[in-house]
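4 protein chains.
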Amino acid sequence: MAVCDVIEQAARDCAASWGIAKVHSRPDPILKDAGIDAVFICTSTDTHAELIEAASSAGKQIFCEKPIALDLASIDRALAAVESAGVKLQIGFNRRFDPNFREARERIAAGDIGAPHLLRITSRDPAPPPIAYIEGSGGLFLDMTIHDFDMARYIMGDDVLEVYARGAVLVDPAIGEAGDVDTATVDLQFARGALGVIENSRQAVYGYDQRLEVLGGKGRVQVENPRPHTAMLSDLDGDHTPPLLPFFLERYGESFVAEAQAFVSAVLRDQDVPVSGRDARAPVVMAIAAKRSLDENRPVRLSEVE
Amino acid sequence: MAVCDVIEQAARDCAASWGIAKVHSRPDPILKDAGIDAVFICTSTDTHAELIEAASSAGKQIFCEKPIALDLASIDRALAAVESAGVKLQIGFNRRFDPNFREARERIAAGDIGAPHLLRITSRDPAPPPIAYIEGSGGLFLDMTIHDFDMARYIMGDDVLEVYARGAVLVDPAIGEAGDVDTATVDLQFARGALGVIENSRQAVYGYDQRLEVLGGKGRVQVENPRPHTAMLSDLDGDHTPPLLPFFLERYGESFVAEAQAFVSAVLRDQDVPVSGRDARAPVVMAIAAKRSLDENRPVRLSEVE
Amino acid sequence: MAVCDVIEQAARDCAASWGIAKVHSRPDPILKDAGIDAVFICTSTDTHAELIEAASSAGKQIFCEKPIALDLASIDRALAAVESAGVKLQIGFNRRFDPNFREARERIAAGDIGAPHLLRITSRDPAPPPIAYIEGSGGLFLDMTIHDFDMARYIMGDDVLEVYARGAVLVDPAIGEAGDVDTATVDLQFARGALGVIENSRQAVYGYDQRLEVLGGKGRVQVENPRPHTAMLSDLDGDHTPPLLPFFLERYGESFVAEAQAFVSAVLRDQDVPVSGRDARAPVVMAIAAKRSLDENRPVRLSEVE
Amino acid sequence: MAVCDVIEQAARDCAASWGIAKVHSRPDPILKDAGIDAVFICTSTDTHAELIEAASSAGKQIFCEKPIALDLASIDRALAAVESAGVKLQIGFNRRFDPNFREARERIAAGDIGAPHLLRITSRDPAPPPIAYIEGSGGLFLDMTIHDFDMARYIMGDDVLEVYARGAVLVDPAIGEAGDVDTATVDLQFARGALGVIENSRQAVYGYDQRLEVLGGKGRVQVENPRPHTAMLSDLDGDHTPPLLPFFLERYGESFVAEAQAFVSAVLRDQDVPVSGRDARAPVVMAIAAKRSLDENRPVRLSEVE
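Line order of the protein sequences matches chains A, B, C and D. The first sequence begins at 0 in numbering that gives the first Met the number 0 and counts up by one. The second sequence begins at 0 in numbering that gives the first Met the number 0 and counts up by one. The third sequence begins at 0 in numbering that gives the first Met the number 0 and counts up by one. The fourth sequence begins at 0 in numbering that gives the first Met the number 0 and counts up by one.
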């Protein structure tokens, strides 16, 4: 129906590519357009909360990229606006729609591994982003681990009560100078008693590495990385397979489509969206707690930072 | 631009789904439409040759599903029509566009395994088709192995001189009563000296099984089956991964898109299509020779059936 | 008890290493030694038949390395001697005792894959032997494929009726000058209807490659190569695992021990040995038929060469 | 030369099996035997320190099972005795001799992955031991994780400065009643800056699970579990491989032989043993620190418990 971008030419190019009729450089015309039922908010994080509030007031159904905000007060205002307007809000935690992780979640939910005991998430970017990006990112936990915090809740079907984070600057000293870490581990204490570990790095030279494993009382489920192709070369040095997929667009391409379809379907059928406001808030709480844990080198309960 | 189907409702449904303006139940209006540059012939095999001739006369660029025909005379007439009309003809050997096999071909063509010595193609359907289909299929070699014959030439970059086929009825006696086999092996003698083996079955209960391996003087390349997902379940009985992808639409989905893009690109840039008329004809010759080999239980040179 | 070697120093060294009391350079003292119940004949192939006959006459239980002889007349004389003496004879087809192939055989025998339809054996040496060895080897089929012929019968629990062999000289022209081939495929027609293919090469630069796969009506079993270790290295170029085990001593080490234990156990308990005289003869028949098939380029029934 | 066991019949049976001449039920005769150069101490943990001191005084070279003791004072006395006697002492951290982990260590030491950034050790027993064993074990960290603490130091070639442990009772409440945990994660801070995580469980129903992975600046090395065999079964439900090896005797069999050979070789050549007294002590310090961390729910520096 309509596309908006503060850079008007970008909006025009997008509209041309996708056969979209209306082009705007400000959101108001979309919010006022009675023919538009739902909006996708894909702007920079600092604009999410305000746009959610405006879209709620306009009675639009809302899909918004993660996170709503980097502070809880803004998130809570946005969620309150959504609730009082009675609209739907789905947050773009796309990894929940990855067919590999989804399969693991379904196996666990079906009881195939018994009660979960131990979760491990391995999540490593192929290379660090530019320092300018790091500086505005809110730090590793809010920028990168936040996806893993959401995945932890999704895959375990449980909430986290306490975290302990350890971080290091091993990839690039400039990241340390920017006040961030590039390598981290975060321990998780789940409400039902299970333990968890997240391993992060800003740099895995062999490709974008996204795996997890859950041990339960009756078994285990693990999710390995998909590969760019299934050909293997063998020579005098042994067997060789290619680097992992380069980054999130290649690795999670299907999931971006699937989350949009799920949102559209929920709107059309007036059903609950599959990622709730509570799901939107919890990973931010975890990230804030992890940051405090790192700063103070002690385990931090989520209730401390709520 | 336009879609044609002898079942007019099917054509209408297709047009509606894809926003196609014109709908026909006979091909003539398309062939006479000066605004149409190219046609995709996706009808039953027995109509391919005639439609190629008609489209050639009309000066259309042609994509046609495999095979052109089950007899060489028809194929040769169609190829002659294409040549005299000076149009392009690309045959739908879609597996050449599978990214996994393509990677293997590129490694071999790049010399990474040295000169190829030995090819093995494992090609097994998940379940046999209905007997009515078998009866009209031209037999296993023309219906199923024909893809493997094409793959053999594609992956090795070489022609086959002689074949020896062995067949058996092990999956369903009704297939034997219909005059066909459901299990087969075909040996290949390549022009540059390499050997090859194709293994076929109409039934692999664990899913659609499509692999190959080439041994060369400096190494080997092998292509394994892609999986529906990368989750693995472990329990008291060990590790479990799911059945292979169900069938060709799931396994080769990307390749159907890629072959169409390659055809469109060749037409737009006036370049050679990536699957030539010679490529269209050779697998049929191989299939006819394999059938004679099976019937007479002896190796058959392709020159005998040309 | 005693060791014999025509090179007396070799016998002495062996005796010293293993704490063996008696050392001989001729077999007679062993055959006459009433304290010795059983002998292992591990000499060159051309001496096997004669030594089996002598050991049978002396009433010894016999383990003999494969094959008994390269011609059927000698084999038949040796087997007749064994039978008339009422002693046991176990032939050293050690691969039957490999735990990986054994597992496959047990799964098949237990009916886990239903009736077998299609066998594939991939059997490739890491590098060709010296030409002098090739010249005295009896050719690829009697020297190398003979193990695969035995494996085919063992794993399928069935006999072969007919073979078709194709060969090529692709690894080293000197092998061709010596009258042999270095690359081959052999088709097998089993008595109960199944088909089989053996792929051989004298040279797989990535290591000793020994795999097989059986497709059945209800499933499949495949045996992959064991690896020297389970460590994998990943870098900018992808994932890397080491070459396969170098050759048969590393790959089949356990099986040599297990076959000796099985022989000793059969002798001590007076039970049938697990590799019979019929098992000793059949692969030689298959190898002779394969050679004739290669020479005459036609399928050869085993009954032709019996 | 001689074997000693407080249960004399056990000593006699052992001597008979292995052809050992002398049998004792007390260690003194061995320690006084001038013909004996070296001893293996494989008794219960609470006797190790005293026996090391006695053997040192007797001038014997010593191999002792891990750990020397559960308290640092006893360890330090034993190490002091060894040092003042000038004898060798090798502690039985057998996993260092596992060829899979050894390969990983060699790749890291060779610089193939660059500087190590992140270690993960997954170490899970197949089933918990009897509660009586748990009660006398010193707890999970001293009994089970101690191997992983040693592996962490071995594989990284670095010391640990601080640990943070989290534990849970999820497998069997009786373990909790015995004052222990059955599921745990331990974070490690290495001296050179790298981070590490150990994941432990007393119960992995799919078999004895022993893996590790190290991410470095230039790559990664990971060690997977070896398998009991390489056969895979496929059926309508997918692909199936067997449970992992049952327990440490099967998984680490080779390493027990290799560590004994390394000790003998070091004694014969008068070289340093490959597992030093410092290596013996450090994992106990780590275990004590981990226990304190668990009890006090805070990170604990090793210097606190030294």
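Warning: the hint list may mix true and false statements.
[Stated by the list, open to error] Pairwise CB distance ranges (calculated):
(1) Cys41(C) <-> Thr46(D): 23 to 33 Å
(2) Pro245(C) <-> Asp158(A): 45 to 55 Å
(3) Gln260(C) <-> Asp158(A): 53 to 63 Å
(4) Asp236(A) <-> Gly252(C): 15 to 25 Å
(5) Val263(B) <-> Ala15(A): 13 to 23 Å
(6) Arg268(A) <-> Asp158(D): 58 to 68 Å
(7) Asp158(D) <-> Gln260(B): 53 to 63 Å
(8) Val263(B) <-> Gly113(A): 49 to 59 Å
(9) Ser83(C) <-> Asp236(A): 52 to 62 Å
(10) Arg291(B) <-> Ile130(C): 47 to 57 Å
Derived by calculation from the structure, the hints in this document are not laboratory data. As the structure is a computational prediction, the values presented were derived from the model and not from experiment. The beta-carbon is built from N, C-alpha and C at its ideal position, and this holds for glycine as well.
So, going through the hints one by one against the coordinates:
1. Cys41(C) <-> Thr46(D): 23 to 33 Å: violated (48 Å)
2. Pro245(C) <-> Asp158(A): 45 to 55 Å: holds (54 Å)
3. Gln260(C) <-> Asp158(A): 53 to 63 Å: holds (57 Å)
4. Asp236(A) <-> Gly252(C): 15 to 25 Å: Between Asp236(A) and Gly252(C), where Cβ atoms are some 24 Å apart, the hint holds.
5. Val263(B) <-> Ala15(A): 13 to 23 Å: For Ala15(A) against Val263(B), whose Cβ atoms are near 20 Å apart, the range 13 to 23 Å holds.
6. Arg268(A) <-> Asp158(D): 58 to 68 Å: Hint holds: Cβ distance 59 Å, inside 58 to 68 Å.
7. Asp158(D) <-> Gln260(B): 53 to 63 Å: holds (57 Å)
8. Val263(B) <-> Gly113(A): 49 to 59 Å: holds (52 Å)
9. Ser83(C) <-> Asp236(A): 52 to 62 Å: Roughly 55 Å apart at Cβ, these two residues keep to the hinted range, so it holds.
10. Arg291(B) <-> Ile130(C): 47 to 57 Å: violated (39 Å)
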